[in-house]
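> Given these sequences and hints, build the entire structure.
Residue numbers (this note's numbering), protein chains in the order written: chain B, 1 to 459; chain C, 1 to 169; chain E, 1 to 472.
Treat the hints as calculated values from the structure; they're not laboratory data.
Note that the coordinates shown come from a computational prediction; the quantities given were computed from them, not determined experimentally.
Do not take every clue at face value.
[As the list claims (entries may be wrong)] Footprint (simulated), chain C over chain E, 3 or more residues, beta carbon under 8 Å:
#: 1; segment: 313-325
#: 2; segment: 455-463
[What the hints assert, rightly or not] Cross-link-like lysine-lysine pairs, in silico, DSS-like; alpha carbons within 25 Å at most:
#: 3; chain 1: E; residue 1: Lys329; chain 2: C; residue 2: Lys89
#: 4; chain 1: E; residue 1: Lys215; chain 2: B; residue 2: Lys353
#: 5; chain 1: E; residue 1: Lys456; chain 2: B; residue 2: Lys353
For each residue, glycine too, the CB sits at the ideal point set by N, CA and C.
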Amino acid sequence: MQQRRILDEFTVNHELLRGNLATPKWWLPTVLGLLVVVLFGFTLMGIMFNRGLGVTGLSRPVYWGLFITTFVFWVGISHAGIMISAILRLTQAEWRRPVTRAAELLTVFSLLTALFFPLIHAGRPWRIFYWITPYDFARGIFPNARSPLVWDPFAIGTYLTGSTLFLYVALLPDLGVLRDRTTGWKRSFYTVASLGWRGNPRQWRLQTVAGILLSALMLPIFVSVHSIVSWDFAVTPAVEGWHSTVFAPYFVVGAVHSGVSAVVTMMALMRWLWGWDNYIRPEHFDALARLLIVVACAWLALTFAELIFGVYSLEAPERALREMQMFEWPWNLLFIIFFLTGFAIPVPLWFFKRVRNNIAMMFWTSILVNIGMWLERFLIIVPGLSRKQPFVFTWDSYQVSPLEWGLLLWSFAWVMMLMLLFSKFFPLIPLFETKESQVFTTDVQIGRVTMPAVIRELD
Amino acid sequence: MAASNSVLGLYDTPNAGADAMDGLKSAGFELGTFDVLTGTPYPEGAFGEHVPQHRLFRFPFFGAMVGITLAILFTAGTQLAYPVITGGKPILAVFAMLIIAYELTMLGAVVATVVGIIFESRLPNLNLGAYDTRITEGYIGVVVECEDDRLEEARGVLQTAGALEIKTA
Amino acid sequence: MATTSLITDAPDHRPSNIESTALLAGDGRTVAGTGLKRFMWLLAALSVIGFVGIVFRFINDDGRQDWGFYAATLAWMLTIFGGAPMVAIAPALAKADWVRPVARIASLGAIVTAIIALLMIPLLFKFPALTQFSEVLGDDVRRRSIWFDSPSYAPHFWNVLILLTLALVGIAMAYVMAIPDFAAIRDHGTGWKQRWGKKLARGFYGRPQQWDWLKMRIGITGALYFAMLLYTNFTFSLDFAVSLVPGWKDSLFPFYHTISTFQAGIAFTIIGVWAARRWGGMNKYVGHEQMWSLGKFMLATTLLWFYFFYSSFIVFWYGRSDSDSATIKLLVSGPYIYLFWTVFFLVFIIPWWIMIWNKVRDSVWGPPIAAFIILFGLFLDRIRIYVASWSAVPDDLELATTSILQDMPNTMWPDVFDVFIMVGLPALGLLSILLVTRLVPLVSLWEVQQSRLITKPVRFLRSHVQLVGKPD
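Shown next as structure tokens:
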């Protein structure tokens with residue numbers, strides 16, 4: 001497949017800074033539209049703080065519902081960035097280049113969004129300090145470092161800080177480009193933000209080493225984050241269907257499945273909105289789809305293990321839960337939709353090269369995956385809680401209230417708005433990676449055939 | 001000896017830039033007093049430049065040490081200060097503490113690495129010296145730091161290699 | 001500026017294809033020196049001792065707990081030799097060019113899986129049937145296993161069949177990958193090797209269709225092998241360990257087992273590279289690049305070993321139900337606590353500390369040291385798991401009637417026959433690989449030649465770099 005374009009640096013700057021140096025016509029109306037939804041969401045939060053959690057559908061025994069599902073969902077999406085940036089950087093996959101920045105950005109914004117949900121779910125978010133910071137000496141109560149609910153903020157805090165710094169370091173050379181293309185206060189801003197980047201060999205060398213070193217450091221964090229989120233559930237023996245050892249890798253692989261799919265969705269949007277056809281090409285979708293097939297199959301194996309071990313113990317309550325999850329109304333409908341959208345429809349389609357290279361098909365199938373993955377989290381969290389168990393006095397199901405649906409909608413609008421605001425001030429496709437790719441790829445002639453080749457530095 | 005002048009030669013092809021670097025070397029300018037500025041990373045040594053040394057790998061170890069110390073203080077200190085048994089776990093529950101210790105160790109390592117990257121890149125340094133905005137557009141800049149007495153010689157070498165423009169700062 | 005104009009030719013010091021052919025397929029082959037022959041005789045003697053051990057194990061048989069070390073040895077062999085071919089599949093899956101010279105060493109592990117399948121048969125006699133309590137407890141009472149409603153013979157029959165299938169697919173893959181080399185031996189070898197080369201090359205003359213055919217079959221057998229290896233690990237670890245212990249319910253365990261298979265497979269390949277350099281005269285073909293890249297993956301799987309272990313452990317430790325606590329006690333903190341800590345250091349801490357240093361990974365001595373430590377550590381790990389599982393239930397009735405391990409077994413120590421088995425069976429595995437290398441070159445000739453074709457050292461302006469072609 002030969003889709004590489006030879007572009008000089010001037011063209012790269014000109015095309016990739018299209019959204020920064022000029023404002024596309026659709027940008028302002030879209031941002032304003034999203035702002036309306038975002039403000040509506042904040043209003044809903046205000047109503048909830050004022051009236052109490054009674055306005056949601058949460059009630060005993062289902063205390064964790066849509067909010068926690070959505071929290072897990074957005075933490076899952078955040079696994080896009082490091083998967084693309086770190087793993088593909090370490091394995092020297094050339095096709096990662098145009099997607100790294102947007103994927104890292106998605107990590108940062110989806111984590112920010114994920115953080116909202118446990119906070120608002122606490123009902124009185126300002127009291128969260130009692131829970132994670134050791135300050136209340138007078139009462140003699142400290143945060144319980146043994147609780148998974150305290151592990152969470154540490155894991156997510158580390159991942160968010162690390163991802164933001166990772167994003168910033170890789171942004172330095174591009175900030176230098178923006179400094180050289182702007183005037184007035186913008187120039188001053190980019191001068192300070194780029195820290196005086198000049199592009200000498202030392203700075204480039206450090207940039208390369210930093211990419212590898214930070215990737216190697218971020219990878220173990222990436223794995224730990226969703227594992228720790230999974231332990232919120234897995235270490236609890238009291239809820240059927242939660243106390244499963246496979247949860248940690250199951251959540252991580254599921255997160256990669258949903259995160260990489262979200263990157264595909266985003267890439268299609270970037271290509272359509274900014275017209276970056278020279279940079280985001282069908283071959284990138286093809287490569288991501290191949291990666292997704294592998295990830296999805298691993299995820300299916302883990303799902304299979306999860307289900308088979310549910311039945312393995314031959315204990316009546318656990319079997320009853322599985323029966324309810326898969327065969328009883330309305331869970332059976334959700335389960336079918338989950339399985340069809342999360343795996344059965346998109347993955348077989350990706351086996352066809354024509355689908356992998358069709359951007360519209362990739363867009364829609366990647367959206368399907370995320371519908372499925374949201375439902376997966378819902379099906380893990382809610383049915384387990386809604387069954388009667390020891391120390392549970394009622395046995396009731398859970399109806400998601402309109403307010404909760406509103407806040408789910410808010411989360412999507414919020415992430416999109418943040419992404420669009422970012423795109424106004426910073427390039428979404430890394431310029432220097434694109435230029436580096438131009439330098440480090442070429443063609444090689446073997447006999448009568450010309451094949452793409454890359455340049456590898458010798459140690 | 002502080003270098004008092006910074007001279008920049010601007011070239012439109014990497015080959016010309018590499019020639020300028022060769023010229024400076026053969027004219028006897030010391031390694032480390034001249035450098036190449038590019039808008040894109042090239043393979044190391046592509047311009048025959050001085051290969052920079054760095055100590056970046058020390059930073060994460062230092063950061064990790066700080067992180068793990070803080071984590072132990074937080075997890076052990078808070079639980080020992082007000083020992084309350086919860087969930088039948090020991091007060092110093094090592095396997096639970098390990099998780100927070102791991103996260104803070106990694107956080108320390110990442111933060112220190114980023115500080116290290118900025119420090120080792122010799123940033124921030126808002127004074128760009130002799131510079132041209134066309135460098136981020138694909139032109140190659142070769143910059144020489146020299147005393148007044150070698151200024152003309154440096155300009156000459158840069159010119160011979162085919163500089164489009166020569167700037168002094 | 002197109003990169004092409006910045007690239008110029010550079011001197012190429014790699015052995016020419018003619019030189020490689022003479023060394024790897026022609027008369028110049030150096031693999032079978034006298035030292036190697038002596039080593040193979042030693043392995044043969046040890047294999048005989050292994051069989052003696054099996055015979056005496058049958059004669060001195062006091063029940064299932066006596067077969068724990070035998071099961072552990074087989075599990076270890078499956079871990080190493082079953083895992084190694086995964087390295088060979090990497091070029092097909094991930095276009096990793098550096099793997100090419102070591103693909104052969106890795107793929108030969110598959111030969112041993114056939115031996116493991118045969119050696120498993122004695123173990124099955126010691127294996128409890130699913131329905132053996134039906135007469136006492138009623139027809140619907142079966143012991144816990146993944147064979148929910150299958151016939152009573154299911155685990156016995158299917159496990160052998162699964163392992164044989166794995167062996168068949170693996171050997172097919174190793175064979176297909178060697179066909180062009182057999183053709184080279186046919187054209188450049190002499191004597192019995194040439195005759196065998198002619199038979200095994202099956203009319204391969206390097207026509208474009210034949211290469212397409214070859215690539216397609218490598219891809220298919222590789223993907224099948226991967227799937228079969230996962231499946232084998234799943235059934236083997238559940239049937240021969242988890243389901244023998246009441247109350248051990250660990251959905252992650254099959255994946256833990258698989259990840260250590262990858263870890264051991266990479267370690268085995270690294271040791272193979274080291275041996276090929278040390279005794280096989282392959283210094284020009286394998287070295288720093290392979291050690292560096294394999295080392296990275298070995299480091300990653302070492303970290304994953306800890307991750308998978310800890311993910312299970314924290315769930316049990318935190319859950320603290322009776323069955324959780326009993327499982328931890330049996331496998332970690334009880335009769336095998338010292339063994340566990342030894343494993344923890346040998347499989348995780350020490351190799352991790354060795355392999356995080358760039359200079360060590362970039363050397364030809366560092367990764368083999370870590371690899372030896374890992375393989376030994378994993379042997380102890382398999383003992384920890386399988387000996388504990390096989391000794392957990394002296395009274396089989398418990399399997400069907402309780403969901404918690406009631407009586408914690410004592411630490412089992414190997415007797416002299418166990419030692420015979422633990423030494424003899426792996427020796428047999430190694431011997432079978434060495435016997436095959438008498439005919440098949442230890443470094444894949446055609447992959448070396450292809451690698452030489454699509455990569456070349458060049459100059460980029462003033463620097464020396466390598467140009468790597470990426471064929472589809």
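> Each hint should be assessed against the structure and marked as holding or not.
Status of each hint after checking the structure:
no., hint, verdict
1, 313-325, "holds (count 5)"
2, 455-463, "holds (count 4)"
3, E/Lys329 with C/Lys89, "16 Å, holds"
4, E/Lys215 with B/Lys353, "19 Å, holds"
5, E/Lys456 with B/Lys353, "31 Å, violated"
The structure fails to meet hint 5 from the earlier list, while all remaining hints are met.
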